[in-house]
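> With the hints as extra help, turn the sequences into a complete structure.
Chains as they are written, first to last, in the UniProt record's numbering: chain D, 1 to 344; chain F, 1 to 344.
By construction, these hints were calculated from the structure, which means they are not laboratory data.
The list cannot tell twin chains apart, which means a pair is met if one copy fits it or any two copies do.
In silico DMTMM-like links for lysine to aspartate or glutamate, alpha-carbon gap of 20 angstroms or less:
hint : residue 1 : residue 2
1    : LYS96     : GLU111
2    : LYS96     : GLU117
3    : LYS96     : ASP115
4    : LYS96     : ASP301
5    : LYS96     : GLU304
6    : LYS96     : GLU303
Predicted, not measured: the structure shown is a model, and the values here were computed from it.
Number of protein chains: 2
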Amino acid sequence: MSDPSLAHRPTLEAVAARAGVSRATASRVVNGSDGVRAPLAERVRRAVDELGYVPNQAARTLVTRRNDAIAVVVAEPETRFFSDPFFAQQVRGISKELTAHDNQLVLLLTEGAADYERVGRYLAGGHVDGALLFSLHDDDTLPGLARRAGVPTVIGGRPGWSDADTLYVDCDNRGGAREAVRHLLDGGRRRIAHIAGPLDQTASVDRLEGFRDALPGTDPGMIIEGDFTPEGGARAMADLLDRCPDLDAVFAASDVMASGALRVLRTRGVRVPEDVAMVGFDDIVSVAEWTDPPLTTIRQDIEEMGRMMARLLLRRVSPGPGQQESPALSSIVTPTQLVVRASA
Amino acid sequence: MSDPSLAHRPTLEAVAARAGVSRATASRVVNGSDGVRAPLAERVRRAVDELGYVPNQAARTLVTRRNDAIAVVVAEPETRFFSDPFFAQQVRGISKELTAHDNQLVLLLTEGAADYERVGRYLAGGHVDGALLFSLHDDDTLPGLARRAGVPTVIGGRPGWSDADTLYVDCDNRGGAREAVRHLLDGGRRRIAHIAGPLDQTASVDRLEGFRDALPGTDPGMIIEGDFTPEGGARAMADLLDRCPDLDAVFAASDVMASGALRVLRTRGVRVPEDVAMVGFDDIVSVAEWTDPPLTTIRQDIEEMGRMMARLLLRRVSPGPGQQESPALSSIVTPTQLVVRASA
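Dropping the structure here:
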């Protein structure tokens with residue numbers, strides 16, 4: 001322990017002496033190891049308490065206020081987290097950026113929203129310097145829990161509220177959706193349907209707005225809500241075909257939903273793009289290049305957005321050298337790009 | 001703070017008074033928030049130090065010695081972690097078990113072994129009560145780092161060393177491999193090759209031993225080392241076909257490698273199972289049921305093994321009620337099971 005401000009703190013040796021045990025035994029108790037008999041462990045804990053002993057790392061953290069660790073919390077159950085390649089790509093960018101700054105990526109997994117209180121307790125426990133939150137839904141309690149925990153955050157995707165303190169990274173969902181529909185219109189399509197994402201998420205709402213910008217007055221029966229899964233895309237496509245058998249194009253709010261929709265079209269003998277053209281959103285290469293036919297889509301640079309989120313949060317957590325406070329930081333909205341493949 | 005042993009600890013109010021700032025300002029500094037001017041923050045830190053103030057959570061942890069959080073560290077780069085469905089399945093079991101015990105799953109991701117020192121620092125930082133380590137390689141420094149950090153561990157897969165303190169959960173890799181080869185022999189196959197996993201991992205070594213048990217004296221040219229990826233399986237299969245054009249069966253040490261090998265056989269016009277039979281290992285349903293033809297394999301219950309690892313670690317971390325020390329715990333080796341599909 002070279003930090004001079006810690007020099008007068010009680011040492012582990014002092015704890016051991018007061019408890020009448022060896023340093024090794026005191027160390028095991030303080031470090032939470034097994035195998036020390038309860039009465040001895042109790043004596044050590046009493047000595048810790050009486051002397052006000054703080055283990056090195058906790059003491060160091062108390063002074064530096066840094067753990068060099070950033071939490072990532074995805075507001076989805078782990079099953080969805082592992083099955084949707086979007087998340088792996090975003091985490092990839094975050095991981096690269098945090099590693100470049102020697103910060104540890106701490107991924108907090110949950111089975112569902114019922115576990116958020118526990119995540120909040122972990123965030124409040126002083127184990128991380130900040131948190132990246134993604135895939136928020138309207139009623140998510142995570143941002144409030146993070147705020148009460150006093151942990152600086154950056155949000156992945158525009159949050160459903162806005163205030164000066166909130167920082168986020170998103171792509172231009174509305175502009176991208178407009179471009180998708182214009183590409184279909186330019187190709188001569190006139191009966192264009194939309195498979196939206198879950199409408200309790202801003203990305204879905206913004207993509208729907210972009211669709212409506214390009215096609216004002218669309219029959220509401222041509223718009224159907226999916227859930228960002230292949231199965232949800234397949235269900236939505238089946239419903240659309242039943243409702244509007246004359247549709248000639250679909251804009252799906254994610255590549256993953258588009259892949260499910262393409263499967264239904266193939267099963268029903270509908271030719272893509274001859275009978276129905278399809279445009280997705282995201283450009284997840286492992287999906288869009290492998291659908292049959294390959295998928296025309298709106299590209300967002302998911303990995304780079306992960307890097308941006310991490311960079312923004314690190315700047316929020318650590319003001320630069322010579323700066324007393326964080327610099328003025330702002331949210332980032334990145335452009336999207338049309339990628340034309342065979343489906344439209 | 002209801003714990004009476006904490007009653008005499010200095011309060012945040014006392015820190016604020018000593019520093020001559022408001023309680024709110026003191027709280028912001030102690031909680032690591034932004035926006036407190038440096039000289040004020042410095043005064044608060046000095047007061048913290050002089051009074052020996054410990055924030056509630058740290059104080060609570062110091063007394064209870066529990067964070068209700070378990071780390072999971074996979075000794076693979078995050079790219080491999082996200083691309084191999086084996087890990088998602090094992091994490092699924094761990095997540096369910098930890099959630100059932102209201103413990104937080106803390107997944108520590110890395111870009112590679114160069115980041116293990118940082119993982120070791122996080123483990124030593126008192127942020128988790130224990131760690132589950134998997135996919136260890138012979139030269140991995142992770143177990144040593146965890147030991148020095150004083151964090152109780154359970155290992156996924158038999159480790160390359162053995163001592164009384166080490167607990168692990170594994171399947172009967174050797175017995176499973178023997179069963180795979182016997183199934184091929186029973187089907188009349190006589191020129192059986194083996195695509196092994198990376199031989200710096202015990203699972204690969206044990207499966208190779210099982211292969212040799214059933215086929216003593218096999219030509220070493222019929223055994224080739226892969227790397228548990230589809231690409232590695234494909235490369236190994238291509239090499240085997242060049243070396244031993246008369247082979248009539250392959251036992252691949254993982255379903256993922258078998259899927260790559262099947263692709264090469266198809267490309268070369270080799271019929272499965274007519275010309276060459278294939279048996280995998282793992283029974284990862286999302287792989288084995290979808291290969292062409294579907295894959296005969298050796299099943300290990302990966303999700304249940306994740307649950308077992310979590311359960312064993314929680315028992316190691318928290319002795320049961322009325323117990324002064326951890327009960328005697330032992331490593332677990334689960335049986336495997338042949339699952340016959342079309343490939344053999």
